[in-house]
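Use these hints to put chain Z onto chain R, whose structure you have.
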Amino acid sequence: MPTMTYLQAISDGLREEMRGDERVFMMGEDIGTFGGAFKVTDGFIEEFGADRVMDTPLAESGIVGTAIGAAAVGMRPVCEMQFSDFISCGFDQLVNVAGKMYYRQGLPIPITVRLPSGGGFSGGPFHSQNPEAWFMHSPGLKVVAPATAEDAKGLLISAIRDPNPVVYMEHKHLYRRVKGEVPGGTFETPLTARVAREGEDLVVIAYGAMVHTALEATADLEEGSVEVLDLRSLVPLDEEAILASVRKCSKVVILDEANATCAAGAQVAALIAERGFEDLDGPVVRVATPDVPIPFSPPLEQAVLPQVDQVKEACRELLAY
Amino acid sequence: MATNTARPATEEGAGPSEHLTREDRASLLRYMLLMRGIEERAMTLYRQGKVPGSFYDGYGQEAVSTGAAFAMAAEDRLCVLHRDLAAHIIRGVTPARIFAQYMGRAGGVTGGREGNVHFGDHRLGCVGMVSMLPDMMLVATGMAMAFKLRGEARCAITWFGDGSTSRGDFHEAMNWAGLQGLPVIFVLENNQYAYSTPLDQQFAVDPVERAQAYGFPGVSVDGNDAEAMFEATREARERAISGGGPTLIEAVTMRMHGHAAHDDMKYVPKDQVEEWRKKDPIERQERRVVELGVDVEALRAEVKAEIDAGVEEALQMPMPDPGTATDQLFWDPADGEPPILGDGNAPWSGFAGVKT
Numbered sequence: 001m002p003t004m005t006y007l008q009a010i011s012d013g014l015r016e017e018m019r020g021d022e023r024v025f026m027m028g029e030d031i032g033t034f035g036g037a038f039k040v041t042d043g044f045i046e047e048f049g050a051d052r053v054m055d056t057p058l059a060e061s062g063i064v065g066t067a068i069g070a071a072a073v074g075m076r077p078v079c080e081m082q083f084s085d086f087i088s089c090g091f092d093q094l095v096n097v098a099g100k101m102y103y104r105q106g107l108p109i110p111i112t113v114r115l116p117s118g119g120g121f122s123g124g125p126f127h128s129q130n131p132e133a134w135f136m137h138s139p140g141l142k143v144v145a146p147a148t149a150e151d152a153k154g155l156l157i158s159a160i161r162d163p164n165p166v167v168y169m170e171h172k173h174l175y176r177r178v179k180g181e182v183p184g185g186t187f188e189t190p191l192t193a194r195v196a197r198e199g200e201d202l203v204v205i206a207y208g209a210m211v212h213t214a215l216e217a218t219a220d221l222e223e224g225s226v227e228v229l230d231l232r233s234l235v236p237l238d239e240e241a242i243l244a245s246v247r248k249c250s251k252v253v254i255l256d257e258a259n260a261t262c263a264a265g266a267q268v269a270a271l272i273a274e275r276g277f278e279d280l281d282g283p284v285v286r287v288a289t290p291d292v293p294i295p296f297s298p299p300l301e302q303a304v305l306p307q308v309d310q311v312k313e314a315c316r317e318l319l320a321y
Numbered sequence: 001m002a003t004n005t006a007r008p009a010t011e012e013g014a015g016p017s018e019h020l021t022r023e024d025r026a027s028l029l030r031y032m033l034l035m036r037g038i039e040e041r042a043m044t045l046y047r048q049g050k051v052p053g054s055f056y057d058g059y060g061q062e063a064v065s066t067g068a069a070f071a072m073a074a075e076d077r078l079c080v081l082h083r084d085l086a087a088h089i090i091r092g093v094t095p096a097r098i099f100a101q102y103m104g105r106a107g108g109v110t111g112g113r114e115g116n117v118h119f120g121d122h123r124l125g126c127v128g129m130v131s132m133l134p135d136m137m138l139v140a141t142g143m144a145m146a147f148k149l150r151g152e153a154r155c156a157i158t159w160f161g162d163g164s165t166s167r168g169d170f171h172e173a174m175n176w177a178g179l180q181g182l183p184v185i186f187v188l189e190n191n192q193y194a195y196s197t198p199l200d201q202q203f204a205v206d207p208v209e210r211a212q213a214y215g216f217p218g219v220s221v222d223g224n225d226a227e228a229m230f231e232a233t234r235e236a237r238e239r240a241i242s243g244g245g246p247t248l249i250e251a252v253t254m255r256m257h258g259h260a261a262h263d264d265m266k267y268v269p270k271d272q273v274e275e276w277r278k279k280d281p282i283e284r285q286e287r288r289v290v291e292l293g294v295d296v297e298a299l300r301a302e303v304k305a306e307i308d309a310g311v312e313e314a315l316q317m318p319m320p321d322p323g324t325a326t327d328q329l330f331w332d333p334a335d336g337e338p339p340i341l342g343d344g345n346a347p348w349s350g351f352a353g354v355k356t
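Protein chains in written order, with the working numbering: chain R, 1 to 321; chain Z, 1 to 356.
It should be emphasised that the hints constitute simulated quantities derived from the structure, not laboratory data.
Hints may contain errors.
Unchecked claim - Derived Cβ-Cβ restraints for the label pairs, each shown as a range:
1) R:Ala50 x Z:Asp335: 29 to 39 Å
2) Z:Arg47 x R:Pro139: 27 to 37 Å
3) Z:Gln328 x R:Pro293: 36 to 46 Å
Just so you know, even glycine gets a beta-carbon here, dropped at the ideal spot from N, CA and C.
So that you can see chain R by itself, here it is in the shape it has in the complex:
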């Protein structure tokens, strides 16, 4: 089985779907000739041509809106936002047109919107955001967030094949940092959670880049054995997997790189409060980015994004509860 980076796995998934389904085409800013700001589509234009690897005008509403129209007449567009932050300019089309079309009109809109998200490299307030909760709160959109190279490929293929609009969160900080074995050919990863590491005394629930922060923070914790649950999909949310880990471990730390209020982790906490209360042996603990924009300068950025030591400390305190 080949070993790939997270970024190579995304490219591989895209390439396989482009080869296998002529309805699939890509749209985005600088994705064709330049190969994308992060080089996800490097070399694609040579294989698939400029029509299927479409360099678009700088128009995010246009990218999402025209993708909706193309999907309505039988295409399977994959849109790239250059940075997830820029989806704010295409928010209306995604949330109001794509997300509600099947419920309102019986017409599903099979588009995939790739959102390179997350901070950790001095991207500043407009190149570091984690906007997944915006879309969790918008009925009719699925939201996935892979943490590993294998899932990056498998979830992307699932997203493209899904007959509904799917928001695909790809964490920029994982692009070249994470490597793993990835099956060749095509395979679909289910929109369910995955136990990243088994444990018994406490579970850290995370997704995306924070899965790796959680694994690192709890790898050698002497105070107890820590499970790490990788959500992988935020809509649908794998409620049974979350509750099973809570039942097993009885102590929960929920980790978000997103701003804390109404984050995905807040929804997980609410679920546990409603349906897992009897299984708890301590308060639900949340570690998340405070409700501020992501600052540019490294000491400021590190002060707000959840750090390994911070997660370690939260786990120690809860284990001692």
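Chain Z alone, transformed into the frame defined by chain R:
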């Protein structure tokens, strides 16, 4: 399947188009009568409390959707605005389903999920609009983009109002369509007011003049003349499917009623309304077809009977089951391939593509 080129059907009868038969001209009147009759009856149902929410109509603007939609082929695709009911009627949505839609009944086009004219029967090639305007300009542009990518001689059309030209999606769609030379027709329904805001508070430059700056033609048409609307749209479609790119058609008309049922439009000068009343699109088309010997009284009676039957049928339809309110959020992949937009009716003699 409809043909892709217009079959000239020159017949006698004064009008802006040489491509309409006597029957076509009578059809244009019939569709306008249906639209006005359905909306008037719906307003009555609204006042009787049978139509929830508010009610929006296109009184006086019937020619805009009638003429434009009549020029579209079965395989073309439409994104229809809320004062363009005739487009739905032409594509094949029955009066009963429209009344049921207004009343929020299970048999309405959206089964009660959506109100008033926020619908599109996807089986007939129409996409239901959203309230954020003009979002559907981009959706129509995307359809046209797919047609071009696949090398299909098809066309997309969308309607939007004068107020819509102020929003960013207008620019993004105009630029995108011009840049890629897409087979899309933009119908700017200039009815003088965006809710209460008049044109001189909406733009400094007439939007039809802007089309050229985006690289394609803009034409201004008498929006109260169904035949002029048909002809301008027919020409735009010919250009679109032969690779000539988009067209902006400004349909100059007047919103004769308030923005919605609650709006007494005190902000509109009375003489402006009176001036436009003399230009009623239905009266104009009636005069034309009377000259051609069409029995307009018989046509009116036929339309009224169709509407009466539609109201009766809709009133028999049940309200939706509250237990279904959270259904149908996602298409289940286990149910196979999801639907895409289907072909609608194309009754113009140049196509003669009417589903039976």
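A quick look at each hint next to the structure:
1. R:Ala50 x Z:Asp335: 29 to 39 Å: Distance hint for R:Ala50, Z:Asp335 holds at roughly 35 Å.
2. Z:Arg47 x R:Pro139: 27 to 37 Å: Taking Cβ atoms as reference, Z:Arg47 and R:Pro139 lie about 33 Å apart, which means the hint holds.
3. Z:Gln328 x R:Pro293: 36 to 46 Å: About 38 Å separates the Cβ atoms of Z:Gln328 and R:Pro293, which means 36 to 46 Å holds.
In terms of the numbered hints stated before, the structure departs from none.
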